[in-house]
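Novice: In case you want the letters, here they are:
There are 2 protein chains.
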Amino acid sequence: MRQTVANPMCISDKEFGERIQRTQAAMAGAGLDAILAFSSESEPALVRYYSDYWPSFETTAVLIPATGKPALLIGPESLIFASARTKIPAVLQLMDFRESSQPNYPGSKLPTWADVFKQYPADRLGIAGWHMFPHAIFCNLEKAFTGKAIIDADAVVRSVMITKSKAELDCLREAARISEIGLKAILDNIRPGLTEVQVAGLATAAMLNNGAEATGYPVWCCSGPNSRQAISRPTHRPIQTGEIVQVCVGAKVAGYSSSIGRPLVLGSCDQTLRRFLEVGHDAEEMTIGLLRAGTPASEVAKKVHGFIKDRGYGDTILYGPAHGCGQMECEYPFIETSSTFDLAENMTFNVDIFLSNSERGFRWEDPVIVKNGEAEQLSSLGRGVNVLAV
Amino acid sequence: MRQTVANPMCISDKEFGERIQRTQAAMAGAGLDAILAFSSESEPALVRYYSDYWPSFETTAVLIPATGKPALLIGPESLIFASARTKIPAVLQLMDFRESSQPNYPGSKLPTWADVFKQYPADRLGIAGWHMFPHAIFCNLEKAFTGKAIIDADAVVRSVMITKSKAELDCLREAARISEIGLKAILDNIRPGLTEVQVAGLATAAMLNNGAEATGYPVWCCSGPNSRQAISRPTHRPIQTGEIVQVCVGAKVAGYSSSIGRPLVLGSCDQTLRRFLEVGHDAEEMTIGLLRAGTPASEVAKKVHGFIKDRGYGDTILYGPAHGCGQMECEYPFIETSSTFDLAENMTFNVDIFLSNSERGFRWEDPVIVKNGEAEQLSSLGRGVNVLAV
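Line by line, the protein sequences give chains V and W.
Residue numbers for the first sequence follow our numbering, beginning at 1 and rising by one.
Residue numbers for the second sequence follow our numbering, beginning at 1 and rising by one.
Looking at chain V on its own, in the form it has when it is part of the complex (with noise of 0.2 Å):
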């Protein structure tokens, strides 16, 4: 039984179907007869893609076959949950799919992977999510594929996913309006003695409150020492004036994340530190302007990496200058010295300039779409060098 779900902005029914053809023709390119696209809780970007569903404790996968439609793989519990959601109407249950906690749920009786290959014989099987397929389920899945060679699949469900539709547009322009209200609350209401899960809080409040289904990731507030990294949590660490204030904020839309960084500084903000952080946004601003159809994704990566280093700070970058962005808030692929693919127009990527030295650290990040063009910038709140009175 379907459940009605009012959600203000979607992918449409239609372009689901797309989405399963066009993966159909790029496995057919690339010799394959079936994917097996795999998601969990915490990677839900593929399974979402192709039908919508969105897991949450159980692990979920979606099998696309050489020719007609798809089936989606669920665990135990996840039925009518995934029933409410799913685009794609056949949905079986395996045990391979249920929660970390391994219930045994007596009594059930599922589908084996013998009896899905039953239904949706493959030759040469490719696995999406490679990286993060369990090795147990392939054990599993391997004893009952009698098929020739199950393999990589990530470069060809890339190759659909990696520029984005119009919706898929508007989707993340809609998660970085709702990022700006979050980032607006901490801006409003940031204050020393706050701690950083507190401040963390107050974005994260804002974007549920006003159309938010959830934030992309846990939003990010370091502070102090906390700011050198590069990865974070909020913790229990009351914020202080003068320290450098780091906050990540990004909100999810209908599968589509976003994120906002921006470093601030509470009260006061000396001369060493200011230098530092107007590199990073030069850094920040250089990169936008860079990003264009047909420019080589190295070659932006060159020259704002060549510019950090003109500045003399060089040895506090390790990564970017930008990565992907869609589905998750960092997904393939990055724009780094070693990239090898051209942008394109549509390809939407976050800018996150990443800085680091013994004692301090910050980021701006920014979505952007890129045209043929100018880019698109999706957040421009608070972007300069933000000293807050206190």
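Since the hints were derived computationally from the structure, they do not count as laboratory data.
Bear in mind the structure is a predicted one, so any value in this text is a computation, not a measurement.
Accuracy of the hints is not assured; some may be wrong.
Note: identical chains are not told apart, hence a pair may lie in one copy or across any two.
As the list claims (entries may be wrong) - Dumping the calculated DSS-like pairs for lysine-lysine here, alpha-carbon to alpha-carbon at most 27 Å:
{"#": "1", "residue 1": "K143", "residue 2": "K69"}
{"#": "2", "residue 1": "K166", "residue 2": "K69"}
{"#": "3", "residue 1": "K14", "residue 2": "K143"}
{"#": "4", "residue 1": "K109", "residue 2": "K303"}
{"#": "5", "residue 1": "K302", "residue 2": "K143"}
{"#": "6", "residue 1": "K303", "residue 2": "K184"}
{"#": "7", "residue 1": "K109", "residue 2": "K302"}
{"#": "8", "residue 1": "K302", "residue 2": "K69"}
{"#": "9", "residue 1": "K148", "residue 2": "K118"}
{"#": "10", "residue 1": "K109", "residue 2": "K309"}
{"#": "11", "residue 1": "K166", "residue 2": "K303"}
{"#": "12", "residue 1": "K143", "residue 2": "K184"}
{"#": "13", "residue 1": "K303", "residue 2": "K371"}
{"#": "14", "residue 1": "K109", "residue 2": "K143"}
{"#": "15", "residue 1": "K143", "residue 2": "K118"}
{"#": "16", "residue 1": "K14", "residue 2": "K148"}
{"#": "17", "residue 1": "K302", "residue 2": "K148"}
{"#": "18", "residue 1": "K309", "residue 2": "K143"}
{"#": "19", "residue 1": "K14", "residue 2": "K371"}
Put chain W on the given structure of chain V with help from the hints.
Specialist: For chain W alone, kept in the frame of chain V given last:
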């Protein structure tokens, strides 16, 4: 450089050391001379248990040798983040733990699995988190591993984790206390017209503002037909008078996750619904009463499911009536009719009565600590049949 993280509750360095020692003793009994305990963002339990590090974006593992000190294995971007949190001083970065966008990090030189096994030689290697350990990492590890066998070590680690220490119980008590603050924010402010996400936001904001380090899982609010979902996520559906609104609220404290589940009815409750709810409520109370050290877990499940069947609602049972809780809101072991273990003092469970028919469902959920006599109940707020005036 270790950062100061002011945590109101935490596990002592000494206890982290003891966890390693107890695991090494259990490994010896199981004939293992190393364990690799794997975690991801949505399944952080094992690495948090051994190191206090709590991954995000990148995956991670703790390598525990037969004797001596363990090592924390992380990805390319998590060094400062992990170093600020880990109780394990030895930290190694491997490309295999990078995030799903799979950057190349040109120029970075990280250790390989061969380097790891040179430093930590092993003949029989156990993997904990076996069900989720990525096949891609397994293949790389297998190539570098010169020992005899790589096997499932979940049972070894579970035997160490299954009863909780005083400090762990204190964390769970505090997580339950803060969860009740979240629940109260819903009870005090819920009204028809709010969306499920907005209701979830009320509890999330209250918990983050009152000492939670995060939510234990994304807060659930599922209303009307969505209440039938055993696993769920809130949607943009506005809640309505006279229908079940199911809320599940859990705070996380120092890694320990709580959960309190309550069905609420706004404004009016027909007799059919009240009768159905009363069975669930009575089954919840009955389960809590049955949880005593020495009792076979299967006996609890049989009695409670027998009671629900006797009342005529047997076809509304999906699982249960309780599951382990601790690092994860839902962790091994489940209490099921097929369980083969006896309850022991200081095991911790979420009593979880979920019943659902073709129209609606609900869950009562309450964390408890098993004692030799009556169980210690960590949550009592609003455990009755809640019909709220609106």
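Novice: Out of the numbered hints, which ones does the structure contradict?
Specialist: Result: hints 3, 5, 6, 8, 11, 12, 16, 17 and 18 break, sorted rising.
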